[in-house]
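Novice: Next come the chains, spelled out residue by residue.
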Amino acid sequence: AQSVTQPDIHITVSEGASLELRCNYSYGATPYLFWYVQSPGQGLQLLLKYFSGDTLVQGIKGFEAEFKRSQSSFNLRKPSVHWSDAAEYFCAVAPTSGTYKYIFGTGTRLKVLA
Amino acid sequence: GAVVSQHPSWVICKSGTSVKIECRSLDFQATTMFWYRQFPKQSLMLMATSNEGSKATYEQGVEKDKFLINHASLTLSTLTVTSAHPEDSSFYICSARDPEGVFASGANVLTFGAGSRLTVL
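These protein sequences, in sequence, are chains A and B. Per this note's numbering, the first sequence runs over residues 299 to 412. Per this note's numbering, the second sequence runs over residues 3 to 123.
By construction, these hints were calculated from the structure, which means they are not laboratory data. Some hints could be false.
Said to hold, decoys possible - Derived lysine-lysine pairs resembling DSSO-like cross-links, with alpha carbons at most 30 Å apart:
{"no.": "1", "chain 1": "A", "residue 1": "Lys399", "chain 2": "A", "residue 2": "Lys366"}
{"no.": "2", "chain 1": "B", "residue 1": "Lys22", "chain 2": "B", "residue 2": "Lys68"}
{"no.": "3", "chain 1": "B", "residue 1": "Lys22", "chain 2": "A", "residue 2": "Lys399"}
{"no.": "4", "chain 1": "B", "residue 1": "Lys66", "chain 2": "A", "residue 2": "Lys399"}
{"no.": "5", "chain 1": "B", "residue 1": "Lys57", "chain 2": "B", "residue 2": "Lys68"}
{"no.": "6", "chain 1": "B", "residue 1": "Lys22", "chain 2": "A", "residue 2": "Lys409"}
{"no.": "7", "chain 1": "A", "residue 1": "Lys366", "chain 2": "B", "residue 2": "Lys57"}
{"no.": "8", "chain 1": "B", "residue 1": "Lys22", "chain 2": "B", "residue 2": "Lys57"}
{"no.": "9", "chain 1": "A", "residue 1": "Lys399", "chain 2": "B", "residue 2": "Lys57"}
{"no.": "10", "chain 1": "A", "residue 1": "Lys359", "chain 2": "A", "residue 2": "Lys347"}
{"no.": "11", "chain 1": "B", "residue 1": "Lys16", "chain 2": "B", "residue 2": "Lys66"}
{"no.": "12", "chain 1": "A", "residue 1": "Lys359", "chain 2": "A", "residue 2": "Lys409"}
{"no.": "13", "chain 1": "B", "residue 1": "Lys66", "chain 2": "B", "residue 2": "Lys22"}
{"no.": "14", "chain 1": "B", "residue 1": "Lys16", "chain 2": "B", "residue 2": "Lys68"}
{"no.": "15", "chain 1": "B", "residue 1": "Lys43", "chain 2": "B", "residue 2": "Lys66"}
{"no.": "16", "chain 1": "B", "residue 1": "Lys43", "chain 2": "B", "residue 2": "Lys22"}
{"no.": "17", "chain 1": "A", "residue 1": "Lys347", "chain 2": "A", "residue 2": "Lys409"}
{"no.": "18", "chain 1": "B", "residue 1": "Lys68", "chain 2": "B", "residue 2": "Lys43"}
{"no.": "19", "chain 1": "B", "residue 1": "Lys57", "chain 2": "A", "residue 2": "Lys409"}
{"no.": "20", "chain 1": "A", "residue 1": "Lys359", "chain 2": "A", "residue 2": "Lys399"}
{"no.": "21", "chain 1": "B", "residue 1": "Lys16", "chain 2": "B", "residue 2": "Lys43"}
{"no.": "22", "chain 1": "B", "residue 1": "Lys43", "chain 2": "A", "residue 2": "Lys359"}
{"no.": "23", "chain 1": "A", "residue 1": "Lys347", "chain 2": "A", "residue 2": "Lys366"}
{"no.": "24", "chain 1": "A", "residue 1": "Lys399", "chain 2": "A", "residue 2": "Lys347"}
{"no.": "25", "chain 1": "A", "residue 1": "Lys399", "chain 2": "B", "residue 2": "Lys68"}
{"no.": "26", "chain 1": "B", "residue 1": "Lys68", "chain 2": "A", "residue 2": "Lys347"}
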């Protein structure tokens, strides 16, 4: 079955510390991969995406993610977290066939300590 | 970039009444829109795919008669929760694809609205 796993439900980091959010997927073939961020009561904002090519992708707000095919992972990283990064982060996959039916992970809630 | 607008952001209604939520694509035409439901502290679950000019495609387990979807134009899809009950209370989010890839996000990326929180008393 197709699925996305975000093993960490909650993560707390200090401001200025580095961050890594994990995402693993189970899919028949390499899908399109996304990271979205959701602030409380808000919709989702795209942080970055991977379609093909360079496996290290850069996104907005200083985030990057690395696609590792052998591990079926697409982990999100940021070298120095800011207090404004506190939010819910969702990893998602979508088929490359063009149906755009995203499958979302359960999300990781990030708390940033001052 | 591409923007999707949802209205209303918040709605409170009495049990048994119907509520309509609008989803609009701004500055681009969306032949396909998607409606998601998000329970507190949970992920997004796809409810249905809204197709302009044709019937919506519902995911398994989603009641078609409960959640009416209409995609009457290339920029507007509506979700009507009919005869709402407290268990329908949730956060509803729509999304749309910019098929022409006019914006930097590209044609293969969904843009999400800010969501509509429904509370049924």
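Novice: Is it true that the CA of A/Lys366 sits at most 30 Å from the CA of B/Lys57?
Specialist: Answer violated: A/Lys366 to B/Lys57 is near 39 Å, above 30 Å.
Novice: What's the verdict on B/Lys43 and A/Lys359, does the C-alpha distance respect the 30 Å limit or exceed it?
Specialist: Roughly 24 Å between the alpha carbons, so the hint for B/Lys43 and A/Lys359 holds.
Novice: Next pair to validate is A/Lys399 with B/Lys68; report whether the Cα-Cα distance is within 30 Å.
Specialist: Since the Cα atoms of A/Lys399 and B/Lys68 sit roughly 21 Å apart, the hinted pair holds (cutoff 30 Å).
Novice: Starting from B/Lys16, check that the Cα of B/Lys43 is at most 30 Å away, please.
Specialist: Answer holds: B/Lys16 to B/Lys43 is near 24 Å, not above 30 Å.
Novice: Hey, B/Lys66 versus A/Lys399, does the alpha-carbon distance stay inside 30 Å?
Specialist: Roughly 18 Å separates the two Cα atoms, so the pair holds.
Novice: Straight-line Cα separation of A/Lys399 and A/Lys347 no greater than 30 Å?
Specialist: 15 Å, holds
Novice: Does the alpha-carbon distance linking B/Lys68 and B/Lys43 stay inside the 30 Å limit?
Specialist: 23 Å, holds
Novice: Measure nothing beyond the straight line between the CA atoms of A/Lys359 and A/Lys399; if it is 30 Å or shorter, mark the hint as holding.
Specialist: 26 Å, holds
Novice: Between B/Lys66 and B/Lys22, is the straight-line Cα distance small enough, at 30 Å or below?
Specialist: Roughly 15 Å separates the two Cα atoms, so the pair holds.
Novice: Take the C-alpha atoms of B/Lys22 and B/Lys57, compute the straight-line distance between them, and say whether it is at most 30 Å.
Specialist: 17 Å, holds
Novice: Would you mind confirming whether the straight-line C-alpha gap from A/Lys347 to A/Lys366 stays at or under 30 Å?
Specialist: Distance ~14 Å between A/Lys347 and A/Lys366 Cα, so the pair holds.
Novice: What's the verdict on B/Lys16 and B/Lys66, does the C-alpha distance respect the 30 Å limit or exceed it?
Specialist: Holds: B/Lys16 and B/Lys66 sit about 21 Å apart, inside 30 Å.
Hints 6, 7, 19 and 26 from the earlier list are contradicted by this structure; the remaining hints agree with it.
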